[in-house]
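Chemist: Listed below are the residues making up each chain.
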Amino acid sequence: MRLADNGPEPLLSVKDLHVFFSARRKNFGPRVDLRAVNGISLDVQPGDVVGLVGESGSGKTTAARTILGLQQPESGAVLFNGLDMHALDGPELRSLRRKLQLVPQDALGSLNPLRSVRQTLAECLKVHKLVPETLQNGRIAELLEDVGLTAEFADRYPHTLSGGQVRRVCIARALATGPNLIVADEPTAGLDVSVQAQILNLLKELCRRHNLSVLLISHDLNVVRHLCSKVAVMYFGRIVEVGDCAEVFADPKHPYTRALIQAAPTVNAIYPDTEPPSPIRGEVPSLANPPSGCSFHPRCDKAFEQCSATSPDLIRLDIQRSVACLLYEGDVRRDHAGIVDPGANQGEPSTL
Amino acid sequence: MEVRDLQVTFHTSSGPVNAVNKVDFQLFAGEILALVGESGSGKTVTSLALTQLLEENNTEISGVVTFNGVNLLSADKKTLREVRSTEIAYIFQDPTSALNPVRTIGSQLKELLVVNMGLDPSAAHARSVDLLQRVGIPGPEQQLRTYPHQLSGGMCQRVMIAMALAINPRALIADEATSALDVSIQAQILELLKDVVDEYGMAVILVTHDLGVVAGTANRVAVMYGGEVVESGDVADVLSNPQHPYTRALIASAPNARSDVQTELAVIPGSLDSRREFALRRCQFAPRCPEVLDKCWSHWPGLAEVAQSHWAACWLSPGHTTDQEPSNLPDGGTGHS
Numbered sequence: 101m102r103l104a105d106n107g108p109e110p111l112l113s114v115k116d117l118h119v120f121f122s123a124r125r126k127n128f129g130p131r132v133d134l135r136a137v138n139g140i141s142l143d144v145q146p147g148d149v150v151g152l153v154g155e156s157g158s159g160k161t162t163a164a165r166t167i168l169g170l171q172q173p174e175s176g177a178v179l180f181n182g183l184d185m186h187a188l189d190g191p192e193l194r195s196l197r198r199k200l201q202l203v204p205q206d207a208l209g210s211l212n213p214l215r216s217v218r219q220t221l222a223e224c225l226k227v228h229k230l231v232p233e234t235l236q237n238g239r240i241a242e243l244l245e246d247v248g249l250t251a252e253f254a255d256r257y258p259h260t261l262s263g264g265q266v267r268r269v270c271i272a273r274a275l276a277t278g279p280n281l282i283v284a285d286e287p288t289a290g291l292d293v294s295v296q297a298q299i300l301n302l303l304k305e306l307c308r309r310h311n312l313s314v315l316l317i318s319h320d321l322n323v324v325r326h327l328c329s330k331v332a333v334m335y336f337g338r339i340v341e342v343g344d345c346a347e348v349f350a351d352p353k354h355p356y357t358r359a360l361i362q363a364a365p366t367v368n369a370i371y372p373d374t375e376p377p378s379p380i381r382g383e384v385p386s387l388a389n390p391p392s393g394c395s396f397h398p399r400c401d402k403a404f405e406q407c408s409a410t411s412p413d414l415i416r417l418d419i420q421r422s423v424a425c426l427l428y429e430g431d432v433r434r435d436h437a438g439i440v441d442p443g444a445n446q447g448e449p450s451t452l
Numbered sequence: 011m012e013v014r015d016l017q018v019t020f021h022t023s024s025g026p027v028n029a030v031n032k033v034d035f036q037l038f039a040g041e042i043l044a045l046v047g048e049s050g051s052g053k054t055v056t057s058l059a060l061t062q063l064l065e066e067n068n069t070e071i072s073g074v075v076t077f078n079g080v081n082l083l084s085a086d087k088k089t090l091r092e093v094r095s096t097e098i099a100y101i102f103q104d105p106t107s108a109l110n111p112v113r114t115i116g117s118q119l120k121e122l123l124v125v126n127m128g129l130d131p132s133a134a135h136a137r138s139v140d141l142l143q144r145v146g147i148p149g150p151e152q153q154l155r156t157y158p159h160q161l162s163g164g165m166c167q168r169v170m171i172a173m174a175l176a177i178n179p180r181a182l183i184a185d186e187a188t189s190a191l192d193v194s195i196q197a198q199i200l201e202l203l204k205d206v207v208d209e210y211g212m213a214v215i216l217v218t219h220d221l222g223v224v225a226g227t228a229n230r231v232a233v234m235y236g237g238e239v240v241e242s243g244d245v246a247d248v249l250s251n252p253q254h255p256y257t258r259a260l261i262a263s264a265p266n267a268r269s270d271v272q273t274e275l276a277v278i279p280g281s282l283d284s285r286r287e288f289a290l291r292r293c294q295f296a297p298r299c300p301e302v303l304d305k306c307w308s309h310w311p312g313l314a315e316v317a318q319s320h321w322a323a324c325w326l327s328p329g330h331t332t333d334q335e336p337s338n339l340p341d342g343g344t345g346h347s
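Line order of the protein sequences matches chains A and B. The first sequence lines up with residues 101 to 452 when you count with this note's numbering. The second sequence lines up with residues 11 to 347 when you count with this note's numbering.
Since the hints were made in silico from the structure, they are not lab data. A quick note: this is a predicted structure, and the numbers were derived from the prediction, not measured. Beta carbons are placed, not taken as given, at the ideal position from N, Cα and C, and that holds for glycine. Possibly wrong hints are sitting among the right ones.
A few chain A residues that don't get close to chain B, going by computed Cβ distances all over 10 Å [stated by the list, open to error]:
# : residue
1 : Asp133
2 : Asp148
3 : Ser156
4 : Arg325
5 : Ala363
6 : Val367
7 : Val384
8 : Phe404
Residues from chain A shown here face chain B by an in silico Cβ test under 7 Å; the list is partial [stated by the list, open to error]:
#  : residue
9  : Glu174
10 : Pro365
11 : Thr366
12 : Leu387
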């Protein structure tokens, strides 16, 4: 199950990653595996901004933690610059981590309340031995200016900062080690739209200035559409659709992607030509009791008999787009090829 | 319901803070009115002040909230209790903390029906099953025996809506009722809310920060900034033809399906000033406004009608004339009552 691997060597390559948590369904009961991430593959090219979207419980944060090496996978590999994240340890792992940084979801909670911004940023620089102590303050001022704050913020404590400023400090901390890839987990959750706009603009600007790649985890489709070049939609531990961001939003293939886009509230709802939202019925199923076949079939309005029996693989529709849905399986089988002529899947797929 | 001149002041250790100032609006049966604004704009305080749910010790509320011919702000405790338990229902942002964690959904719902509606226990049980069915909870008989932690956020919010419907209220106040939910569940809950408004003909105040939710759900909208209503009117009018610079900025800063992904999002410079100086009677948005005039610093424009059923509080909007000698009368809110 390889995804679009055209072009240069990917910066980050996730290969068939499985992450299981073991839990007991009842006290003293047998342990069962909860398949939080169930075989995802994803490539991030240098300079790419990849969005990972899905509802809560879809496994996006677990996937991110595993990519960062904070969680051991059951199977599969995370290759960063060709090195296997989970096979390394000691100094090698440390030098790899320098290039791979996190902007956590709970920004305020991730900062030590007893440490000033300077102490927080200095620790990063010290641990990774990045600058000599005499140059430390200069580097901190530089980092703060990079994220749109002034050097005076160095002596502030987290509780005196606003929500937007806390996010900026977290972004500065991520930038401190000079990373190639930033994993941003819901970087704008809980912010007002005007502050969210500032943070999104900042991320966009930093990508350009530092040639960063970003893996953006979000449940907000509008944010992803605005910032990302590529998007992967996750549902129940699997990627159900991946492709070029603009194309996926213009023409979603998987019924889940389509439903998710339609469910997102938008200011455009006042215009009569906007499609009315059609809520997806039901909820994300429990990991302890996964549905048979395609995990989306109980909520899917296009589901047919086979959907409850067969779990679809991610198949390539064209050079950019892959989708895991039985509706498109026919296209591929008929052509007996991994890559279908994009013309072959025009029209209403359910009639094929 | 009619709100006139609502003003809320908190007396804090560092002096009085005006949280809400001169808020006027009307609410009609069968409509959804959205109060929209960023954090700190006073929308939640407004919604809580309507039935005096704010801490009494350090809060001063003035103005008139007429509901069914009664002024709720001067009503005695007994009347308030009556109104809160049978006329106006609230739904809060976090459903899991609004429900009692150590009692089943059923016992909480039935208590409400027995105490407030005077039903006997077996009728209350039957009605509870009805209500849960109405809000789309599968297997209501079994769900009555579950505890809040066994339900998902969306299900808990449905239970909250069922509890709100249980008293058959004339007004429902939903404070960020869908903010904590996934988009798919949010869409379900908003649909449900629209359905019950159609079915029961109640009036809803939807407090939210999300203009997308406003556009898809509400009939009328009041945009709040710095404790004041800066623009109000029909949703389609306000969102398609915003008259106040703040409303325009708010719309432009939200990424949406039609915005150009290549361009930067519009940013509102500065931040909301929490220490409000209403005594100055200036426009609260003046320090951040791109089109600020000298006059904005010294005189509050007040809401004026800019088009039919569309009001804005900005010196640049059609209802105001920039050269007119401003009136410094205490009733700054002209034309909107």
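Chemist: Indicate, hint by hint, whether the structure satisfies it.
Modeler: Hint check:
1. Under the 10 Å C-beta cut-off, the non-interface status given to A:Asp133 relative to chain B holds; the minimum distance is some 22 Å.
2. With a least CB separation of 15 Å from chain B, A:Asp148 remains clear of the 10 Å interface cut-off, as annotated.
3. Remark: the non-interface label on A:Ser156 conflicts with the geometry, its nearest Cβ contact in chain B lying 6 Å away (cut-off 10 Å).
4. Non-interface call for A:Arg325 relative to chain B: violated, since the shortest CB-CB distance, roughly 6 Å, does not exceed 10 Å.
5. For A:Ala363, the shortest C-beta to C-beta distance to chain B comes to about 4 Å, within the 10 Å cut-off, and the non-interface label is violated.
6. Here A:Val367 does not stay apart from chain B, with its beta-carbon only about 5 Å from theirs, under the 10 Å limit.
7. Distance check on A:Val384: its Cβ comes as close as 8 Å (rounded) to a Cβ of chain B, failing to clear the 10 Å threshold; non-interface status is violated.
8. Every beta carbon of chain B lies more than 10 Å from that of A:Phe404, the smallest distance being close to 21 Å; the non-interface claim holds.
9. The beta carbon of A:Glu174 comes no nearer than 26 Å to any beta carbon in chain B, farther than 7 Å, and the hint placing it at the interface is violated.
10. Checking A:Pro365 against chain B by beta carbon gives a least distance of about 3 Å; that is within 7 Å, so the hint holds.
11. Below 7 Å, beta-carbon pairs count as interface contacts, and A:Thr366 has one with chain B at about 5 Å; its hint therefore holds.
12. Restraint check, A:Leu387 versus chain B: the minimum CB separation of about 13 Å is more than 7 Å; hint violated.
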